[in-house]
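**Student:** Chain by chain, the residues run as shown.
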Amino acid sequence: EAGVAQSPRYKIIEKRQSVAFWCNPISGHATLYWYQQILGQGPKLLIQFQNNGVVDDSQLPKDRFSAERLKGVDSTLKIQPAKLEDSAVYLCASSLGTSGGADGELFFGEGSRLTVL
Amino acid sequence: AQRVTQPEKLLSVFKGAPVELKCNYSYSGSPELFWYVQYSRQRLQLLLRHISRESIKGFTADLNKGETSFHLKKPFAQEEDSAMYYCALGPSTGNQFYFGTGTSLTVIP
Numbered sequence: 001e002a003g004v005a006q007s008p009r010y011k012i013i014e015k016r017q018s019v020a021f022w023c024n025p026i027s028g029h030a031t032l033y034w035y036q037q038i039l040g041q042g043p044k045l046l047i048q049f050q051n052n053g054v055v056d057d058s059q060l061p062k063d064r065f066s067a068e069r070l071k072g073v074d075s076t077l078k079i080q081p082a083k084l085e086d087s088a089v090y091l092c093a094s095s096l097g098t099s100g101g102a103d104g105e106l107f108f109g110e111g112s113r114l115t116v117l
Numbered sequence: 118a119q120r121v122t123q124p125e126k127l128l129s130v131f132k133g134a135p136v137e138l139k140c141n142y143s144y145s146g147s148p149e150l151f152w153y154v155q156y157s158r159q160r161l162q163l164l165l166r167h168i169s170r171e172s173i174k175g176f177t178a179d180l181n182k183g184e185t186s187f188h189l190k191k192p193f194a195q196e197e198d199s200a201m202y203y204c205a206l207g208p209s210t211g212n213q214f215y216f217g218t219g220t221s222l223t224v225i226p
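Going down the list, the sequences are from chains A and B. First residue of the first sequence? That's 1 in this note's numbering, and the numbers climb one at a time after it. First residue of the second sequence? That's 118 in this note's numbering, and the numbers climb one at a time after it.
The hints are simulated quantities; they were obtained by calculation from the structure and are not laboratory data. Ideal Cβ positions, reconstructed from N, Cα and C, are used throughout, including at glycine. Worth double-checking, as some hints may not be accurate.
[What the hints assert, rightly or not] Derived pair list, reagent style BS3-like, types lysine-lysine, alpha-carbon separation capped at 25 Å:
(1) Lys139(B) / Lys44(A)
(2) Lys83(A) / Lys71(A)
(3) Lys174(B) / Lys132(B)
(4) Lys11(A) / Lys78(A)
(5) Lys132(B) / Lys182(B)
(6) Lys126(B) / Lys44(A)
[Unchecked claim] According to the in silico footprint, chain B covers these stretches of chain A (three or more CB under 8 Å from chain B):
(7) 41-48
(8) 106-116
Whenever a hint applies, use it, and build me the whole structure from the sequences.
**Tutor:** What follows is the structure, given as structure tokens:
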């Protein structure tokens, strides 16, 4: 079974530049998540999609971050302009279930490591 | 507010010794709790969930609502258990998964 695919794996940019990350979830998974993981911290949810609708984006810094999931499959996460504190690993995850319930298993991608200089 | 606390950032045990990774949570409702693990150079993956009450790779975790804890235990640690372990709360808590800061376990040969 193909897992969650993410690209690029690594990206180095200067502050105020823009960057985009791409995620392809496991086929058939309705729910897609973007997490930010800063060094030494646990993953923090940025945005959650169910099919192509946003379920939760309460922790997404909307002045600089945006995300979309067109057609309910692939997703992109964009940062513009980037700040030094955006340096982190950006994890994409998907799950079979819809919101709530006891499904609970998230399948993670390998992550995209962003360094902002 | 929902919160997951893992008090130990680093934990080292000798091979064959018992290991316990601590997790405490804060949630007023009925929690769903999970342990996720990340082995070196691998992606984050589910280890076990409290509702299934199963033992995976010799690990067990019991939900203690009185102490709001979900500690992960294994009676005899193995070298291949060395990894980063994250306790997580969700998704019944309003869709989100809340992750702890993680505990890095090193099993010394």
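**Student:** All the hints need checking, so say for each whether the structure fits it.
**Tutor:** Do the hints match the structure? See the list:
1. With a CA separation close to 20 Å, the supplied pair Lys139(B) and Lys44(A) stays within the 25 Å bound.
2. At most 25 Å may separate the alpha-carbon atoms for a hinted pair to count; Lys83(A) and Lys71(A) exceed this at roughly 30 Å.
3. At roughly 15 Å between alpha-carbon atoms, Lys174(B) and Lys132(B) fall within 25 Å of each other, so this suggested pair holds.
4. As the CA atoms of Lys11(A) and Lys78(A) are separated by approximately 13 Å, the hinted pair is consistent with the 25 Å bound.
5. For the suggested pair Lys132(B) and Lys182(B), the alpha carbons sit about 31 Å apart, so the restraint of at most 25 Å is broken.
6. Proximity of Lys126(B) to Lys44(A) is assessed by CA-CA distance (about 17 Å); at most 25 Å being required, the pair is judged to hold.
7. Given a C-beta distance limit of less than 8 Å, the hint that chain B covers the region 41-48 of chain A holds, as 6 residues qualify and 3 suffice.
8. With 6 residues carrying a beta carbon less than 8 Å from a beta carbon of chain B, the region 106-116 of chain A meets the three-residue requirement, and the given coverage holds.
Consistency with the previously given hints fails for numbers 2 and 5, ordered from lowest to highest.
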